[in-house]
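Visitor: Heads up: the sequence lines are chains W and E, in that order.
91 is the number that the numbering used here gives to position 91 of the first sequence; each next residue is one higher, with no gaps.
16 is the number that the numbering used here gives to position 16 of the second sequence; each next residue is one higher, with no gaps.
Because the hints were derived from the structure by calculation, they are not lab data.
Ideal placement from N, C-alpha and C gives every residue a C-beta, glycine not left out.
A hint or two may mislead.
Now the in silico label distances, taken between C-beta atoms and shown as ranges [stated by the list, open to error]:
| # | chain 1 | residue 1 | chain 2 | residue 2 | range |
| --- | --- | --- | --- | --- | --- |
| 1 | E | G16 | W | G16 | 49 to 57 Å |
| 2 | W | S54 | E | K113 | 43 to 51 Å |
| 3 | W | S15 | E | A54 | 46 to 54 Å |
| 4 | W | T113 | E | A53 | 40 to 48 Å |
| 5 | W | C13 | E | S9 | 29 to 37 Å |
Computed list of chain W residues with no C-beta within reach of chain E, every gap over 10 Å [said to hold, decoys possible]:
| # | residue |
| --- | --- |
| 6 | V4 |
| 7 | P8 |
| 8 | V19 |
| 9 | Y58 |
| 10 | G61 |
| 11 | K64 |
| 12 | D65 |
| 13 | I93 |
| 14 | G109 |
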Amino acid sequence: GAVVSQHPSWVICKSGTSVKIECRSLDFQATTMFWYRQFPKQSLMLMATSNEGSKATYEQGVEKDKFLINHASLTLSTLTVTSAHPEDSSFYICSASPPTNYGYTFGSGTRLTVV
Amino acid sequence: AQSVTQLDSHVSVSEGTPVLLRCNYSSSYSPSLFWYVQHPNKGLQLLLKYTSAATLVKGINGFEAEFKKSETSFHLTKPSAHMSDAAEYFCVVSPPGGGGGNKLTFGTGTQLKVEL
Numbered sequence: 001g002a003v004v005s006q007h008p009s010w011v012i013c014k015s016g017t018s019v020k021i022e023c024r025s026l027d028f029q030a031t032t033m034f035w036y037r038q039f040p041k042q043s044l045m046l047m048a049t050s051n052e053g054s055k056a057t058y059e060q061g062v063e064k065d066k067f068l069i070n071h072a073s074l075t076l077s078t079l080t081v082t083s084a085h086p087e088d089s090s091f092y093i094c095s096a097s098p099p100t101n102y103g104y105t106f107g108s109g110t111r112l113t114v115v
Numbered sequence: 001a002q003s004v005t006q007l008d009s010h011v012s013v014s015e016g017t018p019v020l021l022r023c024n025y026s027s028s029y030s031p032s033l034f035w036y037v038q039h040p041n042k043g044l045q046l047l048l049k050y051t052s053a054a055t056l057v058k059g060i061n062g063f064e065a066e067f068k069k070s071e072t073s074f075h076l077t078k079p080s081a082h083m084s085d086a087a088e089y090f091c092v093v094s095p096p097g098g099g100g101g102n103k104l105t106f107g108t109g110t111q112l113k114v115e116l
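Isolated chain E, as found in the complex:
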């Protein structure tokens, strides 16, 4: 069984300040973890993924996330927010391998607002 919890439904930051979106997971195995971003009325775009390699994962647009097994966390960070980062972010867990016919489990999402 697997589950994922996004601890904040809304996060608001000022442009140029750091971003932290929190995600905790629960899994009976060593999971694959993903962060996706969704802009209004659009599909989901992959930001980054963890599949049991390096625990610090770098993604697109300056985002990165660190897999911490001891804390069962996979928080998403960015050093400096940009207005274009405003969107909905989903933390996602899947069984090992992260592909094929494995089902994904989605967090409830975090709405990121970036203010001037």
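Isolated chain W, as found in the complex:
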């Protein structure tokens, strides 16, 4: 079945540093991937749509310069949290839709803690 791999599963970083999260589609090509943020005991909030070979589309209120998205190949999208601060601590999840199947496959998520 379609698998989306997300790494790392958890990361702790110091304030002011940058963190990169990778999202890979392992057995299918994804021209579009999605990045979500989830606060404790809340639903998923779409941050941006990652488009292969072009700029990402950000949702209203999401800082483009804070959350850099790169989708350089059909199987890899990365989210870089730049100059991280404690308020950026959250659970980040990516997803993609296999072309031969309806629905979306989600990565296992990344727990980011900024100290």
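We have chain W; now place chain E onto it with these hints.
Guide: Chain E in isolation, oriented as in the chain W frame:
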């Protein structure tokens, strides 16, 4: 435009009793609908999906859901709860087709607790 409402933020059942998680949707077109389950600190796993075929959809782990257009509902049910079913459940709506670059709209989630 599309939206989804999960009517209960928490549901508690005893092991072996039926589960009902309620979901209502709003859409200006005929949507695709999904139920996902999330265990703590994990990603989301697809339970089942409705994409304009049969209105009664059977999913994994004994779950099923019925698409009722007249009631704009897509409630999730299971005849007999198991302890391993305890998790967060999300009802999700997307435009027709349910894949590709279509954006998903998530409900606020229902926390299912299963007691002995």
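Visitor: Each hint should be assessed against the structure and marked as holding or not.
Guide: Tested hints:
{"no.": "1", "hint": "E:G16 <-> W:G16: 49 to 57 Å", "in the structure": "52 Å, holds"}
{"no.": "2", "hint": "W:S54 <-> E:K113: 43 to 51 Å", "in the structure": "44 Å, holds"}
{"no.": "3", "hint": "W:S15 <-> E:A54: 46 to 54 Å", "in the structure": "52 Å, holds"}
{"no.": "4", "hint": "W:T113 <-> E:A53: 40 to 48 Å", "in the structure": "43 Å, holds"}
{"no.": "5", "hint": "W:C13 <-> E:S9: 29 to 37 Å", "in the structure": "32 Å, holds"}
{"no.": "6", "hint": "V4", "in the structure": "8 Å, violated"}
{"no.": "7", "hint": "P8", "in the structure": "13 Å, holds"}
{"no.": "8", "hint": "V19", "in the structure": "17 Å, holds"}
{"no.": "9", "hint": "Y58", "in the structure": "13 Å, holds"}
{"no.": "10", "hint": "G61", "in the structure": "15 Å, holds"}
{"no.": "11", "hint": "K64", "in the structure": "18 Å, holds"}
{"no.": "12", "hint": "D65", "in the structure": "23 Å, holds"}
{"no.": "13", "hint": "I93", "in the structure": "6 Å, violated"}
{"no.": "14", "hint": "G109", "in the structure": "5 Å, violated"}
Consistency with the previously given hints fails for numbers 6, 13, 14, ordered from lowest to highest.
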